[in-house]
Amino acid sequence: MNTIIDKTTLAENVCRLTVRAPLISEERKPGQFVIVQTDNNFAERIPLTIADADPELGTITLIFQVVGKTTHKLALLEKGDAIENVLGPLGTPTHIKNFGTVICVGGGIGIAPLHPIAKALKQAGNRVITILGARTRELLILEQEMRAIADEFIVCTDDGSYGRKALVTEPLKELCAATPGPNKVVAIGPAIMMKFCAQTTRPFGVSTVVSLNTIMVDGTGMCGGCRVSVGGETKFVCVDGPEFDGHLVDFDNMMLRLQSYKEFEHKVFEECRLQQGIRQVHEEDE
Amino acid sequence: MSHRPTDDRQTQARQLYKELKNKELSNKERMNIPLQEMPAQDPGQRIRNMREVTYGYSPEQAWVEAARCLQCKKAPCIAGCPVGINIPAFIKAVTEEDYAEAIGIIKQDSLLPAICGRVCPQESQCQAPCTLGKALKDVNKAVSIGRLERFVADWEREQAKVVLPDVAESTGKRVAIVGSGPAGITVAADVRRKGHEVVIFEAFHKAGGVMVYGIPEFRLPKAIVQAEIDILTRMGVTLRTNFLVGRTRRLIKLLQDDGFDAIFIGTGAGLPKFMHIEGENLVGVFSANEYLTRTNLMKAYDKEQAHTPIFHSRRVAVLGGGNVAMDAARMAKRIGAEEVNIVYRRTEVEMPARVEEVAHAKEEGINFHLLKNAQRILGDARGRVKSLECLRYELGEPDASGRRRPVPVKGSESYLDVDTVIVSIGNDSNPLIKQTTAELETNKWGNILVDAECKTSLDRVYAGGDIVLGAATVILAMGQGRTAAGTINKQLAG
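So the protein lines, in turn, are chains A and B. Using my numbering, the first residue of the first sequence is number 70, and each one after it goes up by one. Using my numbering, the first residue of the second sequence is number 18, and each one after it goes up by one.
Chain A on its own, in the form it takes in the complex (with noise of 0.2 Å):
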């Protein structure tokens, strides 16, 4: 179970599994995760979202990029190797329908789960303007699929290697002053990104999903780590979401809370690229 079918590398550090994991791909919607734990007995459970699924071939794909010890040691299986656990589909399904047009922003890593619910948003009749963002040219990923989809197509890049030199907001701020603007904004990436994203269409009264990547533990309700403060009540990430109204999240105390491990997660990074480094060059020795 869960033996990856093939893999790819999207970008430097960002990397695409197939996973074979019928059940999930047969009941899995757009804006669903799964948790992975790469061992049983002392591996970290993460959760990754579903960037796609086969549910004919019943795989699944998962995209994701190294951050820290656990995204490291599952980007460093194979074709073939499995990945011991696999949990899903978890979290509320993103609600589709037809809206009018809606604007898609997808800021690095975040274009791989905003990519499915573009496609649904598609499909369900609705004009689709994407925004897409990435630090460097080389940092774009998707950039066919989300093309393929969208009615309307812009990238922004922080360094104007490519597209835009600008941050996704001033496109987004330009669309949403036009008329007829837009009835739907989509904005998936960093916390910071989807702060913004919100700040800039909340003026224009524009209704703004975000997609949160919380602290997990569990992902199942169980253990509250994954809390948000959204309109003032606390919601769990993982069966209230992952999707809120981005107008009423406390981003702020996000971020902070997003924190909470951060010495210990960059120590233990260090040590095992530091033991990855060791073993190869013991084996350029050998």
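Worth flagging that the hints you see were computed from the coordinates, not collected in a lab. Nothing here was measured: the structure is a model prediction, and the numbers come from that model. Glycine included, C-beta positions come from ideal geometry on N, C-alpha and C. Possibly wrong hints are sitting among the right ones.
Residues from chain B shown here face chain A by an in silico Cβ test under 8 Å; the list is partial [stated by the list, open to error]:
no., residue
1, Asn44
2, Ser304
3, Gly443
These stretches of chain B come out as covered by chain A in the derived footprint (C-beta under 8 Å, 3 or more residues) [as the list claims (entries may be wrong)]:
no., region
4, 103-109
5, 218-226
Some chain A residues flagged as far from chain B (calculated, every beta-carbon gap over 10 Å) [to be verified]:
no., residue
6, Thr77
7, Glu125
8, Lys138
9, Thr170
10, Ala189
11, Lys191
12, Ala193
13, Thr205
14, Ala235
15, Thr248
16, Asp287
17, Gly294
Let chain A serve as the given structure and place chain B on it in line with the hints.
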């Protein structure tokens, strides 16, 4: 109760055993036998390891403790046990040193004696009405039924004398069990015995439910829980981990498409309650569920090997007075916190925690702030907990639960300088199955409604344990499992 060295106790028990073994004892003599405390790791030592705190009785201690039982005709202990174990009979077998007989008697009614002997709140169940305790005018001097239960269950396991229950010839009927906690384990065993095929679905990567994610190693070694799970798999029960019924597959599909003839829901009370006070989402505030899952199931205590991080705490406040609060507090101490405080709004008498856990927590240097309750959690500029604002409480008139209602005293603010707050005020039922199974009736707290036979509003679907009872105990979950299994077996036979 304060800590006494183990050797001391053993020597005393050996002498008593020699003296009394071949004597015909009068009730008065039995009443004079001193209560046998369980030997335990030294508190100073045990707060630096995860190993089980108590060692269990030696055979001599078990005999001496069993000799305290008056074998009274009324046997009120049986009525006090939620599953009605024939307690005097098993204790008599211990005095005859026939441990196989003793464990056999217990197992007629209880499936998990090694676990229940450790985690049952005996002082409010079987030991509460004990005639000896009444005669000595102290419930804490009742016969230590739980310790004796543990002793014979451990004997059976350690001697590898565990007898696999007989499994009847295959009936071709299939039963799905949702959740592998105490209720699910019980149903699985009882239904499997009748020859039905059984599949347990567990959301986590390991089976055992609260016994593996919640109750810490130092109170209930995971190897004991695993031994119970192993018995099930040896009986032919299939275990499917990483399977969240409701999400991975909907309950209805299990019935309609996957050929299950009956389903038992034992998903527990897995939704942590929060206080809904200011500052509860600051960095450093955790539910006890999260804190304990990280440290138990994910093994974050093993800082060398585990990848799951645990917050580095120096000063901790645990809100609540139940077993889970004691577990979280004592775990925090073992993880390395310098100071751990329990904050509880009533007095020690009203604390729902087992007497032994409270005593162990005190021995381990946990501070108790009674008649106090958290009002606000204050943070620093980085959004991290820096202190807990508490109010003093007084006990007023009795409330619906019969306990005197705690009333806050205005203007009595005080502050605890802490960097971590662990909220341990109970759990609500997990709403997932209800949300994905519209036909299932629940009460306003989300507990699944069942009749006396554990039948739900859905045909062929049964439920039991905390998902029905609200947060309760292992033994009550097991008791309901027994009832549900009986109903399922009856349904499948008909």
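Do the hints match the structure? See the list:
no., hint, verdict
1, Asn44, "violated, 50 Å"
2, Ser304, "holds, 4 Å"
3, Gly443, "violated, 13 Å"
4, 103-109, "violated (count 0)"
5, 218-226, "holds (count 4)"
6, Thr77, "holds, 25 Å"
7, Glu125, "holds, 18 Å"
8, Lys138, "violated, 5 Å"
9, Thr170, "holds, 31 Å"
10, Ala189, "holds, 18 Å"
11, Lys191, "holds, 26 Å"
12, Ala193, "holds, 22 Å"
13, Thr205, "holds, 30 Å"
14, Ala235, "holds, 30 Å"
15, Thr248, "holds, 39 Å"
16, Asp287, "violated, 6 Å"
17, Gly294, "violated, 5 Å"
Checked against the numbered hints given earlier, the structure breaks hints 1, 3, 4, 8, 16, 17 and satisfies all the rest.
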